[in-house]
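Peer 1: Protein sequence lines correspond, in order, to chains V and F. Letter by letter, the first sequence follows residues 27 to 303 of our numbering. Letter by letter, the second sequence follows residues 1095 to 1826 of our numbering.
Do not take every clue at face value.
[Unchecked claim] Below 30 Å or equal to it, Euclidean Cα-Cα: the simulated DSS-like pairs (lysine-lysine) are:
hint : chain 1 : residue 1 : chain 2 : residue 2
1    : V       : LYS170    : V       : LYS73
2    : F       : LYS1545   : V       : LYS189
3    : F       : LYS1102   : V       : LYS168
4    : F       : LYS1545   : V       : LYS235
5    : V       : LYS219    : F       : LYS1767
6    : F       : LYS1573   : V       : LYS210
7    : F       : LYS1676   : F       : LYS1102
No wet-lab data here; the hints were simulated from the structure.
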Amino acid sequence: MQKIHKILIGIAFSPNLKPNLFEAIRIANMFNAELIGVHVGEKTAQKEADLNQVISEADRLHVPLKTIWQQGKPVAVILKTAAVENVDLLILGALQKENLLKYYVGSIARKITRKVGCSILLLIKPSIERQACKHIVVNGLKDKNTAETIRTSVLFCTHLLCKKMTIVEEISQSELQVQVDDDKSLRRATIAKERLKNREDQRINTILKGIPCDHITIKTQSIFGRRGYSIGHYAKVKRADLLIMNAPRKLGLLDRIFPHDIEYILSELPTDVLIVK
Amino acid sequence: MLKKNPFKTFLGEIPQNLFSGFVVSLIALPLGLGLALASGAPPISGIIAAIVGGIVVSLLGGSKVTITGPGNGLVVVILSAITILGEGNAYQGYLFTLAAIVISGILLIILGFLRMGALGDFFPSSAIQGMLAAIGIGIFAKQIHVMFGNLNAKGSIIELLIQIPEGIIHFVSTSEKSAFYAGLIGIISLLIMVFYSKIRNRYFQLIPAPMWIVVLSVGLYYYFELFTTAAYPIDTSLLIDLPNDVFGSFAFPDFGKIYELEFIGAVISITLIASIESLLSIKAVDKLDPLKRRSNINKDIRALGLATVISGFLGGLNVVTVIARSSVNVNNKGSNRSANFFHALFLVAFILLFATELRKIPLAALAAILVFTGYKLAAPENIKKVFKIGSEQLLIFIATLLVTISTSLILGILVGIIITFVIHVIINKNGVLFFKNILKPNVLMFTEEGKYYVSVKNFSSFLNYTKLKSKLDQIPETKEAIVDFSLCDFVDHSVMENMNNYSETFERKGGHFEVIGLDDAKPGSAHPFALRKILPKQMSPKEGVLTKRQKYIQKISEEMQYSYDAFSDLKIEELPSFGYFKTRKLDKISNVLTKNDCTIFDVQFSEGEMIAKQVIKATMFHIQTQNKLPKFTLDKEGVFEYLLHFAGYKDIEINAHPDFNKRFYLSGKNEEKIRAFFTDELILFLESNKQYHIEATNTGLLILSKERLASVNEIKALAYFGAGLQKIIEKC
């Protein structure tokens, strides 16, 4: 099972500094992990004072904070630090669209997301007060990484004291192989769907068998729709607090032009998102 | 449920379909001739289309009770194609147009295979409405001159409209006997069309209005021929021209202009209209199907395409699904595709047997039928309806209409689409919303505890409606569905209208369809929001001044100790389950009188859909019974019933009551139970009172006398009869 020992957070001296740090500290404490803050830029007395001020207001860290000050390009620095320090989880803040209740991942964060070797947690609304995490939605794609993702999800559930988890099986429409035209084909399609749903449920249940998860209510939900997109939509509809996804295999140029899977989610974050690597 | 052998059912239903096909062919004959004439093609081409359509689509189609043949919408396109392609030579233009028809048929087949047959789903509904109205005006403008006996009116649609007053003056003051008589027949025919639905006499209604016109005008000819010395006053140039050897001389399409721009334009408009008209008709007829089946639209479009190709090669017009004839088919208990097939066979028989008689029909008589159809397509009520939805819809409607009649149909619908989109952008003050999200999959559907939940994101309009539709079509209509628009910034009128249709279909089939998430419009926005408004369920005034009749009813309600509510929003759940309402659509109920389990009410319902729609109001009496009843229908015995006997219906005879058997027509499935239910006392009661039409479901009785609103005295009589009947039945 995946363990989280080291968490990395980028520190930028923006109005969001305080909520971001508070959230990171809380998560670090929940996992009993070491928090590493990296600031890309010059180290000044003023910045240091500001940082210490914020930390003094936050909960006390179980393991003391380690700060790294380094100059360079943000993407390169953070990627390098993550690799050198061998971190398990990287926390990034998302941006909010002007006037709209929509969140997206900025260009720097997006580059990091694509290249980094560890898991990433994207926060859409970090807050100073703790907001309990009540419902986690996890993808249950038919993929070799899915078992690992589900295991990680259970770990998160346990540490975040979350009681409810839904594993979403996205089944693409083409797998159905029945087109609905009239009553007869509708009946056939409904039966075919039921069968696919049972098959998917069974697959997930096999994965769950090996994981101790009696303390969590786990539901499965199958959705017929476009991969990546429908799970985000579902998480939003269900007002989930955290969405956990597999890391994408490899993203080429084409994937950015014709967005799919994770790209959908990055361009419009439905909630906090954890990408498991 | 008992599973029946489908072949046996089919055989058993042949008589009723034969009958229905016959009635439909009575309309199809004059309409086919008329539509062809109005299109500027030889009259026989309309009949060819109906015959080929009836045979091909009944064998290969995907719908159940639709009738196919030449359609109204095509009149305008075909006419302009013949005029433009012919460059003055009408017959040559007709041959070029036949080629365009063949190609458009091939296009339809391809669209059907690509599952894109439903072109209408891609267009905003107000634009389609505007286009249909424009077609109506086009038909009206041209045919009204023919109706007045003037074949020579020429010009664009607008010019023809301006010429109407002149035409009337010319008709009144003309010294030309032939034209005057033709015009007279035209006007009488129009009056028959207008007042036909008002005369609710079953024997009169047995023959459809267009056939009355044919019968009367042919009758008139023979009157002159046989009983008077005067010659028939109408000149042969004003009579229908059929070839001598009707099925011996088919025209063959001329593919000579196939690469010319005008030809391609004609093909596109023919295909567009054929698809839109068929789609609208198929959807509307599905709502009327008593067996509540769902049509396979793409399969039907493919069959229509094939029929169009064949028809084009034989010199016929193109084949579409037609609403008026399909409605008649449903009303005459057509139950499967064989009715369409029989209608084609009857047409063949008519043409072969009565060609001489058909040549006596004045063109003015047929023009009157078309004038009426054109008027119905462009009726002011339609404009009012659009306006009610919102002033911006009226703008779209009017713009599409004006552009269509002044230029061409393709340009018209394009303008409609563009205006709709621009209005959407203006209303939202946001074009990015549309451009960014148009390609994204915006619909999520999943099942939860047996319910289907559908969530729609970003925006939902005609631009991306097919995405929503493809999901909704996967839900069995007997289930419960919830559509949530709360994540949507904008929902347009086309989508709302379709949601309303789904909601009706689900209700009909016993499911439930609900739209949520539209309750809160954004504050500070003064949008005229028909676009995202809540579904109108019943549009009845909640308060109002009582009419004289209502005041009387109020008075007698006190006398009879009924409670009265003029603007009731009462819903009698059971009503749609009565056989009477199987093919009729309930609109609303008003003037409700209630006592115990009895309800007297005025009900407004409609027969047919779209242009064939007739709104009817009637007074009925409903009893909620305590005991379980056998299902039956009781009616006055008459000629009509003999016809039904002939068509394979059965009258249940009650032993030892010959008088009752003679006067009443009783039918129902479970004969034994019905016989047991009709006790001597009940029969005596029925015999000694006025005869009403009575229908029973397991838990209720429906009584009505005439298909119109009852006078106050009739209400009294109805109440008295109903109360007596209730007493006897509760004793049983």
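Peer 1: Hints first: check each against the structure and report whether it holds.
Peer 2: Okay, the hints, checked on the actual structure:
no. : hint                  : in the structure
1   : LYS170/V - LYS73/V    : violated, 44 Å
2   : LYS1545/F - LYS189/V  : holds, 24 Å
3   : LYS1102/F - LYS168/V  : violated, 48 Å
4   : LYS1545/F - LYS235/V  : holds, 28 Å
5   : LYS219/V - LYS1767/F  : violated, 43 Å
6   : LYS1573/F - LYS210/V  : holds, 16 Å
7   : LYS1676/F - LYS1102/F : holds, 23 Å
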